[in-house]
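Colleague: Given chain A's structure and the hints, the job is docking chain B onto it.
Chains A and B, in that order, are what the protein sequence lines are.
In terms of our numbering, the first sequence is numbered consecutively and its last residue is 171.
In terms of our numbering, the second sequence is numbered consecutively and its last residue is 263.
Derived from the structure by calculation, the hints contain no laboratory data.
Treat the hints with care, since some could be wrong.
Restraint ranges, calculated between C-beta atoms of paired labels, are given here [claimed, not checked]:
no.: 1; chain 1: B; residue 1: S68; chain 2: A; residue 2: T77; range: 42 to 50 Å
no.: 2; chain 1: B; residue 1: R73; chain 2: A; residue 2: G29; range: 46 to 54 Å
no.: 3; chain 1: B; residue 1: Y48; chain 2: A; residue 2: C133; range: 24 to 32 Å
no.: 4; chain 1: B; residue 1: A11; chain 2: A; residue 2: Q123; range: 39 to 47 Å
no.: 5; chain 1: A; residue 1: T134; chain 2: B; residue 2: G144; range: 35 to 43 Å
no.: 6; chain 1: A; residue 1: E52; chain 2: B; residue 2: I67; range: 16 to 24 Å
We treat Cβ as the ideally placed atom computed from N, Cα and C, and that holds for glycine.
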Amino acid sequence: MNLTVNGVSHEIESDLLTPLLDVLREELGITGPKAGCHQGGCGACTVLVDGEPRRSCLVPIAYVDGGEITTVEGLGTPEELSPVQQAFVHHYAAQCGYCTSGMMLAAQAYVAGGGTHDTEAIQEALGGHVCRCTGYSKIVEAVAAAARGDEFDLTETAVGKYTTMTTGGAE
Amino acid sequence: MATASLALNEATEVLRPGSEDEAVEAFGDGKDVLVVGGGTIVVADLTYRRVQPARALLLRDAGLAGISRDGSRVTIGATTPLEELVDLPAPIGPCAANVADREIRGAATVGGNLCAGEGVEAPRGDLQGALIAAGATVRSAGEGGIAEEPLEDFLPKRGGRLLLSVSYEEPAAGAFAALDRPHTHDYTTMAVSGARAADGTIRLAATGTGTHGVRLPSAEGGDAQAVLNDVTPHDDALASAWYRRKVLPVLVRRVLDELKGAA
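So that you can see chain A by itself, here it is in the shape it has in the complex (with noise of 0.2 Å):
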């Protein structure tokens, strides 16, 4: 079997009926999607399959056989974050981080979509993913501000300094 993950083909040799969250894990070590519950309750572990979002604990790799999946390594890098990610950031709507990439990629599918900033499409598009901070407001707000297309100056948050002291931009 075949799988191009974030652009890059991959052989798999894990069984037929292996979640794809598994193959991701554990075969390909790609560790954004986590493992929550195992059980598509959580959301936790949401990529885009050929563009749509899927709990990938809940699909067997025999049924993405070729197909293009999307984890959160492939939405933006920390250089050059993708206007989901910089909304996020910029909200502040991460806090422990668990459901973060989950709800990003639903996130991201809402947005391609053309998804508005409407509160209750958000929570609708959304809803399948559980945060355990609870922190629903923020995130909600941030999937608007990126339904918006607004953009942002991260210069000044944690995560602008980081990146512009690891890319050598600043004295």
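Modeller: Below, chain B without anything else, positioned relative to chain A:
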């Protein structure tokens, strides 16, 4: 590199039929075959070793997906994702839209939803009620070959059959009401569906009052409280039997009112 789940399913023979005929042949008499539709229920069962089947039948490429219409008759293939049903008229559409969330609905199939076993801690089979109300029939394969029968007759023996499609006459009017408790979970605790046929006949059915969806004939004449003659609600992790007894007639009343108000 080997993981628990890599080793987990090595003993299971995986069957991947490419057509309905191949699926029917591979299913055979259904003994010790795990049918995988979208995987949203059974993959978790495999992960947690709640099932360890000799054979797993992966239906995705068997050509069983799609919604077709012949006049007023609607036929839905077994592997049609629930998300494709959400815009259908009531009670089917609103019932499908009430299932879990977009990610689950995109993967979960009609066949899986109708044939799921009784949930360990929560009721399953959201669409059973809506499709019973619509007077649906199902085509299924298994011992004795392919058969077509009313969904109500099929449900008690669904474990031993391979569902191929479900079909119904588009009702003149439909209604759906679910017990909705915000901020809890995405499982349907209990729901009532109603459909009025072209000749004025009303059919009501419930999901979440027992081991599978049931018709509610006693309330179809208009007495919502009479629904308690048809079912004996149970306790589970989502609600007590007492609570279900209190709420069920309310849901029936809402559905009857909605049907009355519909043109």
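Colleague: Determine for every hint whether it applies to the structure shown.
Modeller: Verification of the supplied hints:
no., hint, verdict
1, B:S68 with A:T77: 42 to 50 Å, "holds (46 Å)"
2, B:R73 with A:G29: 46 to 54 Å, "holds (51 Å)"
3, B:Y48 with A:C133: 24 to 32 Å, "holds (26 Å)"
4, B:A11 with A:Q123: 39 to 47 Å, "holds (43 Å)"
5, A:T134 with B:G144: 35 to 43 Å, "violated (53 Å)"
6, A:E52 with B:I67: 16 to 24 Å, "holds (19 Å)"
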